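Here's the letter readout for the chains.
2 protein chains.
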Amino acid sequence: MKTETSIQGLSASLQTARAARKVIGFVATMGNLHEGHINLVREARRLCDVVVVSIFVNPTQFGPNEDFDNYPRTLEQDSHLLAEAECDILFAPSVEQMYGSRPRLTNIRVEKITEDLCGLQRPGHFDGVALVVTKLLNIVQPTYAFFGEKDYQQLAVIRQFVQDLSIPVDIIGVPITRAADGLALSSRNGYLSEEQRNTAPIIYQLLQQAKAKLLQGVALDVVLNDVKQGLDQAGFVVDYVEARATNLLHVETFEQDVVLFVAAKLGNTRLIDNLMVKYSKSIG
Amino acid sequence: MKTETSIQGLSASLQTARAARKVIGFVATMGNLHEGHINLVREARRLCDVVVVSIFVNPTQFGPNEDFDNYPRTLEQDSHLLAEAECDILFAPSVEQMYGSRPRLTNIRVEKITEDLCGLQRPGHFDGVALVVTKLLNIVQPTYAFFGEKDYQQLAVIRQFVQDLSIPVDIIGVPITRAADGLALSSRNGYLSEEQRNTAPIIYQLLQQAKAKLLQGVALDVVLNDVKQGLDQAGFVVDYVEARATNLLHVETFEQDVVLFVAAKLGNTRLIDNLMVKYSKSIG
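Residue numbers (the UniProt record's numbering), protein chains in the order written: chain R, 1 to 284; chain C, 1 to 284.
Wrong hints could be hidden among the right ones.
Partner residues are not named here, just some residues of chain C that face chain R (Cβ under 7 Å, in silico) [as the list claims (entries may be wrong)]:
1) 134
2) 135
3) 197
Quick caveat, the hints were computed from the structure, so don't treat them as lab data. None of these values were measured; they are calculated from a predicted model. We put the CB at the ideal spot given by N, CA and C, even for glycine.
Chain R extracted, bound-state conformation:
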């Protein structure tokens, strides 16, 4: 595995692959890698000739009160994991390399689907994501880019601006990787105390119960309320429990495929999860 820290170095490394029309796969990360990221890399490895993974803790997607400075930087360990997963090129640029020294005046904004769920508590977050992902896609110019379904709203936002800006890439969503007890893998799980870590899998248990109830014909608002109560009782501070159509538009009832979303805090750690429930006309 090669490591490149400059855009120029990366371009040079990819020149041969581009000239040979190789299929380039790309995974964008902020590092502190876990099995969820590695599964994205494996999927890229399966479908592509050349696999590029970026590690870049992007300042523009953190709010003023968020954890940019304290976000874990574990480049050496990440590098070993990526080499094991047969990543070809690790792109690990500095903030200066990505954003340069001249003032940036351009913003990308995706309307509507960024305005609720995680967007409500994190104003500007998805603008920062759209900016950095656009830049990374323009720098790497991959055939396929892989993003986890854990950040479902992020994936939907990326699909939207890639379409709206005609960016020449196929976006591939990869299912959530879970611990044996069901907890969705996340860099932020490392912040949990042992007790909190034991409590955290309740999120997924409640989502699964919600799915079962929906399929039994229980009303959507009742089901969502049950999840909320379950989280409250387990000691979470609920940010939201919501259902959306797969394109993130609002739904009132379970009459099409829906995605159930949870965001909730355990202590200072904000956890998110989601679960899709397929609709079949025979229900109810």
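Got chain R sorted already, so can you dock chain C onto it with the hints?
Here is chain C on its own, set in the frame of chain R:
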């Protein structure tokens, strides 16, 4: 010359050129071509292996009271001119082809340098330009893209977002093409009556006088005021007469290279022009 009306057709036409690593040059136009556009094509022809010209009257850069519906569509004539100028591929997509049928939720906004000069009278105009140029650059993926210095603010905005979004293209500015009497060529000159057409070259004469006065040491504000008065006296309704640094930042005095900008109406026709004045320390 090939004409392509779909993104897929264009991609197929460019596939061989891309595989052979040819240098692709791109000129984006809204059609109704004149010698100014053709000079962009000639510059592309001079520097590139493959020349692509788009003709697309982009709805998102017209304001609600602007002339989108009445903007001249002269595809057949344009097509002849482009073939004569040895354009290789004319890309002439429909609005549906460019924007699709699913709702668009993404906007690109460039701050500060879009907010005055032409941006003041045309809110949202440069957002529309940034959107369509980003889409076209992503679709054509050229090595070089050529834009006229007549739309100096547009060129500065394009350079800015291309840098900010890391779009892999070199932007080439091409000097203004003028009629023998000095009038900057523009599609909108066709709207002028014979009398107005005879008056219009005064803009350039006043800009040249302004340049001479600046080089003689006359103060910038005095010089700008003279241009404004000259336009008033000739029957123009002045929108703005301004000086800026080459990066569009404000300047109070002539102590660096400046660009003089004019926008003024003759009847219903809004004309713009600009002239750069190089600063030399020996002045004054």
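Hint check:
1. 134: holds (5 Å)
2. 135: It holds, given that the least Cβ distance between residue 135 of chain C and chain R is near 4 Å, below 7 Å.
3. 197: For residue 197 of chain C, the interface hint is violated, since the closest Cβ of chain R sits about 37 Å away, which is over 7 Å.
In the structure shown, a violation is registered for the earlier hint numbered 3 alone.
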